[in-house]
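**Q** Below, each chain spelled out in residue letters.
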Amino acid sequence: MIHSLFLVNASGDIFLEKHWKSVVSRSVCDYFFEAVERATEPENVPPVIPTPHHCLINVLRQRVYFVAVIQSEVPPLFVIEFLHRVVDTFQDYFGVCTEAAVKDNVVVVYELLEEMLDNGFPLATESNILKELIKPPTILRTVVNTITGSTNVGEQLPTGQLSVVPWRRTGVKYTNNEAYFDVVEEIDAIIDKSGSTITAEIQGVIDACVKLTGMPDLTLSFMNPRLLDDVSFHPCVRFKRWEAERILSFVPPDGNFRLLSYHVSSQNLVAIPVYVKHNISFREGSSQGRFELTLGPKQTMGKAVESVLVSSQLPRGVLNANLSPSQGTYTFDPVTKLLSWDVGKINPQKLPSLKGSMSLQTGASKPDENPTINLQFKIQQLAVSGLKVNRLDMYGEKYKPFKGIKYMTKAGKFQVRT
Amino acid sequence: MIHLIMDTFLRYLKEREQEQLVKILSFMFYIFRHDDLKEMLDSNKDSLKLEAMKRIVAMIARGKNTSDLFPAVVKNVACKNIEVKKLVYVYLVRYAEEQQDLALLSISTFQRGLKDPNQLIRASALRVLSSIRVTIIVPIMMLAIKEAASDMSPYVRKTAAHAIPKLHSLDPEQKDQLIEVIEKLLADKTTLVAGSVVMAFEEVCPDRIDLIHKNYRKLCNLLIDVEEWGQVVIINMLTRYARTQFLNPNINESLLEDSSEKAFYASDDEEDEDKKAEAAALVKRKPYVMDPDHRLLLRNTKPLLQSRNAAVVMAVAQLYFHLAPKAEVGIIAKALVRLMRSHSEVQYVVLQNVATMTIKRRGMFEPYLKSFYIRSTDPTQIKILKLEVLTNLANETNISTILREFQTYIKSMDKDFVAASIQAIGRCATNIGEVRDTCLNGLVQLLSNRDELVVAESVVVIKKLLQMQPEQHSDIIKHMAKLIDNIQVPMARASILWLIGEYCEHVPKIAPDVLRKMAKTFTNEEDIVKLQIINLAAKLYLTNSKQTKLLTQYVLNLAKYDQNYDIRDRARFIRQLIVPTDKSGALSKYAKKLFLALKPAPVLESPFKDRDHFQLGSLSHLLNAKAGGYQELPEWPESAPDPSVRNVEVKDSVCARRTVLTGKAVKNQKSSSESESESESSESEDESEEESEEESESDTNIRKKKTIAPSGSIKMYELLHRITGEGLAVEYCFSRQPFSPDPNMVAVQIQFTNNTNSETKNLHIEEPRLQSGMRIREFAEIEVLAAGESVTVVMGIDFCDSTQAANFQLKDLKFSLAFNLTKRCFLSLFTGKLMGMNEISEKLTLGEKCVNEHVIVERVTATANLSRVPCGSDKECRFAGKTVSSGCLVLVTVTTKEGGRAQLTVNCEKMVIGTMLVKDIMQALSQ
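Protein sequence lines, in the order shown, are assigned to chains D and B. Going by the UniProt record's numbering, the first residue of the first sequence is number 1, and it counts up by one from there. Going by the UniProt record's numbering, the first residue of the second sequence is number 1, and it counts up by one from there.
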């Protein structure tokens, strides 16, 4: 399975290596560096790179490449999924998974990697078990450790590994028992030139933050479970119960986790909450181009559209842009040709607009390409699919927990073609 | 002294600065390299050792060589501090290979660890021991693995399974012995072991499919509870297994499909014969019936499509693709489309597999066409794969929408992607005749694009399209002839030249002129262009020798002295063919036929065609080349192998079991005598295991027979005192009788006593508020309870072996009564094999009254309904039982020592129950 792992930063330095079988020389990464050079953009590096004796599988997260060395047949997704799980674990431990964070915690990182794989095969990837084995570093603990000389390694032996609910440890205690659920929906859409929708889908997740004492058994039911077309669960969810009654029944992990991710059936029409009016044109022979953009709310069910951010990659021929926004601020990077406009909140009475001119290279012919406009926005207290949680019940413990549900709609990959 | 100063100094510096400083200092004190670390490792303080180890590990992580510290580090292998120990393990595993002799020093520590009573320590000792790649210890490792494979704890057995591939890679000669261990572990019934042992199977002996037969059904059933990484491995292995054992569910359809596809070189006669043979085969074939085991696999893997782990979803998807009947494969599309929302690396792999799937089963993904639309923010490699899928999905009905989509792609800023889009349009046009003209027109328009790459790509694609119907398109050919002045991309130039040469009859005026221009620039062209110029010259010479004779001679002369030998060769060859001389052979007569033969139009094919002979989702499929260790996906067998090999041995007939039972009963009666030898008791264990299986069939008669009266008196517990209950008193006890209506329930005997002067009416249970899984069977309502009388009823409660209380209310009284009784829910005697169990040991001092064995036995059995098991030593008392609803085994051992001290050991799979039991028995014994 996974033979070795190299962590490579954006400038091509290997700053960490770990081997689970015999040592593989780091010169194997030369093939990887070649591929990076060949790819114009960092995200265009092929995830699987064959070399004469090995195969390199890499993922890119936060400008760090995680390069796994494989020697024999293994499903590539297995390795990719595992590498992402490693990054998630690091994020869980150190807050971020940057080069600096890894270097600062190199011993913890090493201990984690040691526990996560045995002979290249995943052993313990559940963050709950890992946290029992190796306590995450906190400022307080670091201070205490330096003074008392105690360690980060758990003194007790981890029992979670042996239990039937490996995602939850025993003996959890809280003074305030609370369970919060965030229903977050993202709209993925492509809008064409004329403003009609080419494709639009809603993807949602329910993220939970559960801090409950003991071994609570929760059930969550929806008003309209039929909306959910395709779902994937955290392993804690009892699949049979969902199949039979469309109820989520589970013993939750402790802390933050993703309970469910779902896709809303494509039969339902998606209410697109914003519209974009645009006029981006270049005239033949002139070194000026016109740029006009107006945003407006549409089908928002009375909720405000917030944190709106517009970005667009302008054609290479554009030298500079001279625009004036009616609200918010805009920036244009003349090197990458990236225009971004931080709009903020859309006021339905006074629609935000960005107007002005673009200067082109003199003498150059007008660009053929049409830029696409990428949109980001947020709408609080609205699940655009109409999904509603009916109730949340707890069994198995005597206290009354505090429960909270929050809804939010966001733009996913939301693109307007011009 | 210097080192001390250096050391303190270092500690005050941040790591980055430290690194530089270390570089400088280590150069200066080269001779004393790592001396400070050695000193720290030799010190008595754990904190210094830890600091040293942390620095060493940081050095290993950066790829620095620290092997010279090996002796200093290995000394600390038995250190008490857990973190130091762990870091030493890390170091040891890294460098043991290089320092084989010194590594041997540490082995005894691990050998000791292997015998530790704590399962986690046993497991970690085995893990490190097996990771040390030193050939001398192979026999030790083999022994350790064998022992661990029959360990009580499933966790240790899992570690043993992990150790198998390690040993195999160290010494492949151990294969036969390791296969034996694998066979043993495959029979393991716990989910923890399943994934790891199948992994070992795949690495050591993937061809020993016969080992799977007996475990096939078990693996299918366990699958959903195995951890996710294990699931992937098991599913992939089962896909291969199923391909060898079951029949092709699509057998009838695939025959029909094949016959519709014409083989390129097959003559018509052959085809007819083929068809006849197939028809005959169809008639002969019996209607297909799916093996129930095949169905079991499909059914049990389906829920895993909902997994959050992309690798599991992909594994199930490939299983369905390779094994499911055509009608059922469709369900995987939805899940695969869902994965496309994930990280771009996941998308990349999924799209590769979807691209292969769409060639064979296009219909499956058609409803999700729009999910493959391309966004400008996608990375180029994803865009190109999506394009591939869209092209594969194109058919007569959706082509217009797809082409409209492609039109926007052509305007993209990403030129590689634009080129791929043009190719895609070309492929759509060749595959779907209706849109060929529209596509061609669109592509011709692109010829006036400003970007040269776009034009070049269009030229190449147009050339291919024109070959299909050249007569109608001489305009386009003329247009392209004009382009040759401007286009610089060699491939495009070569394409245009070939096109003009091939269809020179359609453009008789232009062709010679093009040759004239090309002759001028010949020396500066790329090789592929030069070859095409020679071709053009030859073709023109044959059709229009009057105008072009001199030009051709000129070109051939230039080519004769070209640097490239290919071109020189070609020139010589062509000259011989086309220019008639005395010596020229018979071939030159046919030169025209040779050069201007009708050429079949190229078929534009997906690069993913025929990739499905690799197992989908595998590395080999992705690379389109066999990776090391790849196991071919076997073809379906012609006729199914014997399905009975998967049958697990059926138990003996009923009467045989009865005799066992009676025998057992006799044994029970004399169980107080301790004369039985070890071997006998192990025999009885086997028998009782059979019994347990029978028990689950819940034959009440048999159950009654087995019940024996509990030893010791039954303790009554007060539920409701008569004062708080306003005259009504309620007491309960566990009667330790089986509750006949439901074997999973514990019988609770409740005694109501009416101490008031009036009658109490309608006593019954109301609104049990129970935890999930718990059940109560209520007693019949007591209509009247006269003053001063008492009534006893029995109710059944299924506690699900949990430690939670069952809450319910007694009507009329409005009291919420909580039974806190689960610790005593053991029933029925049982001596079982030790499965994987958690062991809890406690030392205690026996109470004053617990002087002899008899009292101990009495105390223990009073606390919990356990049965005494005979054992050899008189210092030891062993008890066994099992929990009522899930039948978990419980073993209790009390070892008495001198001076009233004793050790209590409880083994139970359920840890909570084990702990509670320890607490209770401790209390009972120390009183």
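Treat the hints with care, since some could be wrong.
Partner residues are not named here, just some residues of chain B that face chain D (Cβ under 10 Å, in silico) [what the hints assert, rightly or not]:
| id | residue |
| --- | --- |
| 1 | R55 |
| 2 | R243 |
| 3 | T244 |
| 4 | N248 |
| 5 | V346 |
| 6 | E471 |
These aren't lab readings, by the way, just hints derived from the structure by calculation. Everything numeric in this text was worked out from a predicted model, so none of it was measured. Note that CB positions come from ideal geometry on N, CA and C, so glycine has one too.
**Q** It remains to establish, for every hint, whether it holds in the given structure.
**A** Status of the hints after comparison with the structure:
{"no.": "1", "hint": "R55", "result": "9 Å, holds"}
{"no.": "2", "hint": "R243", "result": "16 Å, violated"}
{"no.": "3", "hint": "T244", "result": "18 Å, violated"}
{"no.": "4", "hint": "N248", "result": "24 Å, violated"}
{"no.": "5", "hint": "V346", "result": "6 Å, holds"}
{"no.": "6", "hint": "E471", "result": "32 Å, violated"}
In this structure, the earlier hints numbered 2, 3, 4, 6 are contradicted, and the remaining ones agree with it.
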